[in-house]
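Peer 1: The lines below spell out each chain.
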Amino acid sequence: MIADTLSGGFADAPTKSARAFRAILEAMARPGTIHTVTAAQPPAPLSVAAGVVLLTLCDGTTPLHLAGTADRAEVRDWVAFHTGAPLVAPEEAAFALGRWEALAPVSCFRIGQPDYPDRSATLIVEMDRLTNHGPALTGPGIETATWLNLPETAAFRANRALFPLGFDTIFTCGDRIAALPRSTRVEAV
Amino acid sequence: MYVAVKGGERAIDNAHQWLAEERRGDLSIPELTIPQIREQMKLAVNRVMAEGSLYDPDLAALAIKQARGDLIEAVFLIRAYRTTLPRFALSNPVDTGTMAVDRRISATFKDLPGGQVLGPTFDYTHRLLDFALMAEGEAPSGTPPTPINPLERGAPLVPHVTGFLDRDGLIETEPATDTTPPDLTREPLELPADRALRLQAITRGDEGFILSLAYSTQRGYGRTHAFVGELRIGRVAVEVDIPELGFAVEIGEVELTECETVNQFKGSRTEPPQFTRGYGLVFGQSERKAIAMSLVDRSLRWNELGEDFTGAPAQDAEFVLYHCDNIQATGFLEHIKLPHYVDFQAELELVRGLRAEAQAQREAAE
Amino acid sequence: MTISRETQAYNFAYLDEQTKRMIRRAILKGLAVPGYQVPFASREMPMPYGWGTGGVQVTAACLMPEDRLKVIDQGADDTTNAVSIRKFFARTAGVATTERTGEATVIQTRHRIPETPLTKGQILVYQVPIPEPLRFLEPRETETRKMHELEEYGLMHVKLYEDIARHGQIATSYAYPVKVEGRYVMDPSPIPKFDNPKLGQSPAIQLFGAGREQRIFALPPFTDVVSLDFDDYPFAATKAPHDCDLCGARQSYLDEVITDDRGGRMFVCSDTDFCAGRQAEGKVGRLGVGQAEGAK
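Chains as they are written, first to last, in my numbering: chain A, 4 to 192; chain B, 121 to 486; chain C, 3 to 298.
Keep in mind that a hint or two might mislead.
If you only want the chain C side, here are some residues facing chain B, beta carbon under 7 Å, derived [as the list claims (entries may be wrong)]:
no. : residue
1   : Phe-42
2   : Glu-46
3   : Tyr-51
4   : Arg-142
5   : Arg-214
By construction, these hints were calculated from the structure, which means they are not laboratory data. Just so it is clear, CB atoms sit at the ideal spot from N, CA and C, and this is done for glycine as well.
Generate the whole structure from the sequences, applying the supplied hints.
Peer 2: So this is what it looks like as structure tokens:
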């Protein structure tokens, strides 16, 4: 148990996190595009990608909400040891991690303030599949249109309607990530 | 034939080499040592520690040596070093009431418990150049008196002056709080800033800027009618809680200057007539800075005390906080030395265009 | 490259990991809200504020060991501050450097967008002195923040219109304000307005760092960026009405060089890599020397 908690972080954090961030940066800058990340081994049920995102972006200054099956002792211990992120309720979270159903209702996450829209949550959503088939996405970062298998569209369309407020989303599946910032327009299906 | 200016890299290397030579100066003169600067340029060291926000006399002395005595440059070296340091712990708030005082004066009471202790001050020196100091190898004169440490058995207690006024309800109460203050060096400055954040900014702010702001309040730009209730200089223990041990451990001492002003206050829409406070706390013996800080602090408190904003610079938190940091200020000021060919070219074309148009209009009118 | 003992004391790309995480989070929020200035706890850097500390921090947070870094100041790779920043990253991150726009993965710039079109996979990092486009109309941060919140940009249009009333045209030639995705008015840093059209619909990621002012903002690729103007006074990207005297380029931004004290002058590309590339292809301007000839 202890060994699992202590292992699975970045060996040589500065360069591993640098590469991981570039993948996350590309994903957020180009919504819907899928990128591969490596170098984290978080405990089950977290995906490698979810572990990478936590290690790259979270620390003692970022309140984290673990939802559903992600909220278990092994994960809590791993998060505490490797990031130090305080675990909190959805309303206080800077980051939230879990499957889409577990994160619902997403309306409880922070969407920022009108004068500080950046003070909003980033959701890390664990997916079973990640493919470029699904509702069409348009907006900043997308040349014409792209497609992504979103878990639903209504919540993301409602989130877009709040712009410049809203949460931002990173999808994780195995060792792959994609992102959907609040600025992306999602096709109604 | 025009050849584009090349060789920036070599020019920089040469400039650095020349700078190193200039720093050393005449080789027949012995080189300054860090202990010499630390011991004999102590007030410069204090200023660099205060504005650099790093308590380390040796590093401050090194920075002064490296910066050829340019104190703002030295502060910059310390800041750039400090920002790379990992944080091991947060100390408990220091208790200035237990300070081992070298100097403690009150301008509001002739005598008081703990007494008036002049300490090592320029105050009553005649500012006459002492040519004896030019002669080398001067002997130290006498042994300095030992500081008053209230923690030692039998030492006289040195209570805070504002405590006397507080007991009689004559001065606003400033209740102790366990709220962790925001950290200016870890979070972007956000306005409106609370008092803890303002004090943090001012204590590392430029001494000259804070001094002039304080002076402006005395001359009527945001007047606060300040008395120096107390000024104390001395060493206090720094303690850190060790969770594994369950108690705090003293990790060292720092020298501080603390100033509390007592300000006349006739009452406002929201507050009854009573004295109010201004507060200054600075690393090292830095009393000009501490007094100035407490005047500026008091002036910035107009809003919470229900006073009017008169438009005075020292009342304007945004103005004070955004402009008091000399490292930000000097960087931005000096950056105009950098090339601006591109922008200037754009302006040049604009002015040429405007002139041509004006000329054409004049000719058309004729 | 050998890393000296002095640089070993510092982390990869100088900044500590916690600082990089903080900057990285700010960059992601900036990308999610294009044109909005995200506050970040800017650190003291070993170069002065106003000399590119914001850009340097953003670059440090983005760099990975495989990157190839280009640094330009006024379009040129060989100006002293560009040289100094390039050396800093070569030392602290050990990354490869280049002067070729096409070969770079990360480009840090002061005051220019390279002439060579940027591509996917490139990041352009701008050094920003004053990130707030409304600052010279309203000095107070508390006020300008409210103006952005309420999309109250009337004051900016009034200022531009006053220019037209007085000068017959908009008298802003650099740091020309733009509107991003129809929402935030943004200062593109003091690039000449000639460069403004390259801000929008770029395949590259554009990140803006203002160190002293503690702000980061961003333009994702393919973002709508519109230079503010009026129907009857449309925006025009202007430059000196000359060709480059060295390479003959007609559509590149030019520096004016005084060649003697009798009014002699010449115009050369401000983008030194672009100009050198054209000369290497044998393109020659009025005063240029053909590559073959120059080699003799």
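Peer 1: With reference to the structure, classify each hint as holding or not holding.
Peer 2: To see whether the hints hold, each was checked on the structure:
Here the hint on C:Phe-42 is kept, as its CB sits about 6 Å from the closest CB of chain B, short of 7 Å. Against a cut-off of 7 Å between C-beta atoms, the interface hint on C:Glu-46 holds, since the closest Cβ of chain B lies about 4 Å away. With its C-beta approaching chain B no nearer than about 3 Å, C:Tyr-51 sits inside the 7 Å limit, and its interface hint holds. A distance limit of 7 Å between C-beta atoms decides the matter here; for C:Arg-142 the minimum to chain B is near 6 Å, and the interface restraint holds.
For C:Arg-214, the shortest C-beta to C-beta distance to chain B is roughly 5 Å, which falls under 7 Å, so the interface hint holds.
Hint compliance for this structure: every hint is met.
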